[in-house]
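Put together the whole structure using the sequences plus the hints.
Number of protein chains: 2
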Amino acid sequence: MINQQILLANRPTGTPTKQTFKFVESDVKQPEQGEILVRSLYVSVDPYMRGRMVDAPSYVAPYELNEVITGGVVAEVVESQSDKFTKGDVVIGSYGWQTHYTAKETEIRKIDKEIAPLSTHLGILGMTGLTAYFGLLEIGKPQEGETVVISGAAGAVGSAVGQIARIKGARVVGIAGSDEKVQYLKEELGFDEAINYKTTTNMVDALAAACPNGVDVYFDNVGGEISDAVHTQLNRFARIPICGAISSYNLKGEDVGPRIQTTLVKKSALMQGFTLGNYAERFPEGSAALAQWLTEGKLSYQETIKEGFENIPDTFLDLFKGTNIGKLLVKVADVTNE
Amino acid sequence: MINQQILLANRPTGTPTKQTFKFVESDVKQPEQGEILVRSLYVSVDPYMRGRMVDAPSYVAPYELNEVITGGVVAEVVESQSDKFTKGDVVIGSYGWQTHYTAKETEIRKIDKEIAPLSTHLGILGMTGLTAYFGLLEIGKPQEGETVVISGAAGAVGSAVGQIARIKGARVVGIAGSDEKVQYLKEELGFDEAINYKTTTNMVDALAAACPNGVDVYFDNVGGEISDAVHTQLNRFARIPICGAISSYNLKGEDVGPRIQTTLVKKSALMQGFTLGNYAERFPEGSAALAQWLTEGKLSYQETIKEGFENIPDTFLDLFKGTNIGKLLVKVADVTNE
Numbered sequence: 001m002i003n004q005q006i007l008l009a010n011r012p013t014g015t016p017t018k019q020t021f022k023f024v025e026s027d028v029k030q031p032e033q034g035e036i037l038v039r040s041l042y043v044s045v046d047p048y049m050r051g052r053m054v055d056a057p058s059y060v061a062p063y064e065l066n067e068v069i070t071g072g073v074v075a076e077v078v079e080s081q082s083d084k085f086t087k088g089d090v091v092i093g094s095y096g097w098q099t100h101y102t103a104k105e106t107e108i109r110k111i112d113k114e115i116a117p118l119s120t121h122l123g124i125l126g127m128t129g130l131t132a133y134f135g136l137l138e139i140g141k142p143q144e145g146e147t148v149v150i151s152g153a154a155g156a157v158g159s160a161v162g163q164i165a166r167i168k169g170a171r172v173v174g175i176a177g178s179d180e181k182v183q184y185l186k187e188e189l190g191f192d193e194a195i196n197y198k199t200t201t202n203m204v205d206a207l208a209a210a211c212p213n214g215v216d217v218y219f220d221n222v223g224g225e226i227s228d229a230v231h232t233q234l235n236r237f238a239r240i241p242i243c244g245a246i247s248s249y250n251l252k253g254e255d256v257g258p259r260i261q262t263t264l265v266k267k268s269a270l271m272q273g274f275t276l277g278n279y280a281e282r283f284p285e286g287s288a289a290l291a292q293w294l295t296e297g298k299l300s301y302q303e304t305i306k307e308g309f310e311n312i313p314d315t316f317l318d319l320f321k322g323t324n325i326g327k328l329l330v331k332v333a334d335v336t337n338e
Numbered sequence: 001m002i003n004q005q006i007l008l009a010n011r012p013t014g015t016p017t018k019q020t021f022k023f024v025e026s027d028v029k030q031p032e033q034g035e036i037l038v039r040s041l042y043v044s045v046d047p048y049m050r051g052r053m054v055d056a057p058s059y060v061a062p063y064e065l066n067e068v069i070t071g072g073v074v075a076e077v078v079e080s081q082s083d084k085f086t087k088g089d090v091v092i093g094s095y096g097w098q099t100h101y102t103a104k105e106t107e108i109r110k111i112d113k114e115i116a117p118l119s120t121h122l123g124i125l126g127m128t129g130l131t132a133y134f135g136l137l138e139i140g141k142p143q144e145g146e147t148v149v150i151s152g153a154a155g156a157v158g159s160a161v162g163q164i165a166r167i168k169g170a171r172v173v174g175i176a177g178s179d180e181k182v183q184y185l186k187e188e189l190g191f192d193e194a195i196n197y198k199t200t201t202n203m204v205d206a207l208a209a210a211c212p213n214g215v216d217v218y219f220d221n222v223g224g225e226i227s228d229a230v231h232t233q234l235n236r237f238a239r240i241p242i243c244g245a246i247s248s249y250n251l252k253g254e255d256v257g258p259r260i261q262t263t264l265v266k267k268s269a270l271m272q273g274f275t276l277g278n279y280a281e282r283f284p285e286g287s288a289a290l291a292q293w294l295t296e297g298k299l300s301y302q303e304t305i306k307e308g309f310e311n312i313p314d315t316f317l318d319l320f321k322g323t324n325i326g327k328l329l330v331k332v333a334d335v336t337n338e
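Line order of the protein sequences matches chains U and Y.
Each residue of the first sequence is one higher than the one before, counting from 1 in my numbering.
Each residue of the second sequence is one higher than the one before, counting from 1 in my numbering.
Treat each hint with caution, since some may be false.
A pair holds if it fits inside one copy or across any two, identical chains being indistinguishable in the list.
[Said to hold, decoys possible] In silico BS3-like cross-links for lysine-lysine, where the CA-CA straight-line distance does not exceed 27 Å: (1) Lys331 - Lys198; (2) Lys104 - Lys141; (3) Lys252 - Lys266; (4) Lys266 - Lys141; (5) Lys104 - Lys331; (6) Lys266 - Lys18; (7) Lys18 - Lys252.
Quick caveat, the hints were computed from the structure, so don't treat them as lab data.
Only a predicted model underlies this, so the values are computations on that prediction, with no experimental measurement involved.
Here you go:
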């Protein structure tokens, strides 16, 4: 049996290209005692992966050159030498961009096939949903009647943040990059307002109009000039969870703009970066809450699912074009018994 | 009896000048029932006053044009029509740059003449000491063995922050603007390291050498390029209380530099602006702790006291030259019974 893998061929400066990646094939390693051979079904592509492609200090180690790009995968057990897993089980792991993997028992976790489509375990019930849950509730702490602004609002994390903020009784304003996304946020997800930053000439004015009572929580996925504009509308004691700064990831030069210190002092505002791993001990709590809201119909999600292992790099590059709505992932194979 | 006052004559752009201020004289208003006539002894000049001279939204209302510049004053009761105050009492108030004031009972507070020199109630036992106490302990939360870096370290707030951090068992590194200040921090206040940013060509390297275990808490008084350099040395879960950004106050253009979001995400770091008023309910706790440390000899302070009401504007302008060590204030009159 052949395992297809995608390796990091070289470290990108600026936007990654096809040459950043290299496809290789190797024999699948047969599982030994305590190991499980799995076959990938859905592979996740996420913005944070861009950060791991460069060799700089960060919250996770950089990818090694000529090693497989790791990240979330939903997979099916093909062969088990462990009494914890059975052929046909569906599992989640972090082994990344490859069609097969021989996992140790501790490297994968069984998921419930009945609760929702399998792909949601990489999205709304997985990393992106939990990122929204902990970042918003632990740092943003939205109160009933407060105004929550979200950048990258139609993305996988942003769309969950807005819905959770609404569940908590906040007024929710999203910023996104197309009229289609704006319509999705307002009509499908019930955002109170949404702004297309690409067609808005004055973001400060647009935000002031959309947030007549100012901004209490700003969930920041993008950084850059969009965030500069939101910072002008902060209320006293505003909270700013920083989830990412996708606008800067592919910059070749420095990410330069207005320094934030004076604004933070004037508003007694808080800005805090985070990564999901900070909350690892509380994942069961977060997953349970997300699953319940999903079941109750309070939380909806959208996925953009591309097909085919060979399309993983292109799908990853799509993240930075801002064209996708919701969680972006790649379907690599059908589940056997579906 | 004549009251001398200093008014805001016009709003400065860039560094204030003598023309920013106007001296006027008026008759002292005799106290009515419930009022107290006081005579100023020490007048405080503080960096935050620069912010109030412009008409922009901030945590305190801007000064009105042609009104007295308000701020902390230690004064002596000249005549009391209140049963809460007696002639000769020493009080603290916020009525600002004038030689006399007719206060309502609620506008002034009696201070203990015995505990320490009267001037300390504007400094280490007053606004600056409390600012250090709450900003460091409530936001910075230094733990034993952690590294705390302080900019504007030889200033009134910074020098108190460093000493409190040492009381809490942290390693303390100060950044200041002269060799004299560096010597003061290391030899008088017991800082572990101090850096003269004016003679250091590479602040990043200097900080890396002074903080071999990285930076856990950065108490920021200055903003600007000094802070940019400190941000390169942050540890995971670092905390950054933002007390002020004196480097930017007199800028005519925008305060532009590297955006901070990516750093905050990579380090799961927290940055929070604050002003002392946020902690008003807890002033008694802070004052008691500061007084105790002072009495125990764990906390020392330095003051730069200029003489003469007419020198208040020049002394205020000295703040931005960075020449003073410790708390800067102006002695306006001797206490009667000293």
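Regarding Lys266 and Lys18, is the shortest C-alpha distance of 27 Å or less found within a copy, between copies, in both, or in neither? between (46 Å within a copy, 26 Å between copies)
When no copy is named, should Lys104 and Lys141 be tagged within, between, both, or neither for a Cα gap of at most 27 Å? For Lys104 and Lys141, the Cα distance exceeds 27 Å both inside one copy (38 Å) and across copies (40 Å).
First find the shortest C-alpha distance between Lys18 and Lys252 inside one copy, then the shortest across copies, and answer within, between, both or neither for a cut-off of 27 Å. Classified as within; 18 Å inside a copy, 46 Å across copies.
Status of Lys198 relative to Lys331 across identical chains (alpha carbons, at most 27 Å): Neither: 30 Å inside a copy, 58 Å across copies.
Please sort Lys266 with Lys141 into within, between, both or neither, judging by C-alpha distance up to 27 Å. Both, since 20 Å and 21 Å are each at most 27 Å.
Can you tell me if Lys252 and Lys266 fall within 27 Å by alpha carbon in one copy, between copies, both or neither? So Lys252 and Lys266 pass the 27 Å test across copies only (18 Å; inside, 32 Å).
Please sort Lys104 with Lys331 into within, between, both or neither, judging by C-alpha distance up to 27 Å. Within one copy, since 23 Å is at most 27 Å while 74 Å is not.
Violation of the numbered hints given earlier is confined to hints 1, 2; the remaining hints are satisfied by the structure.
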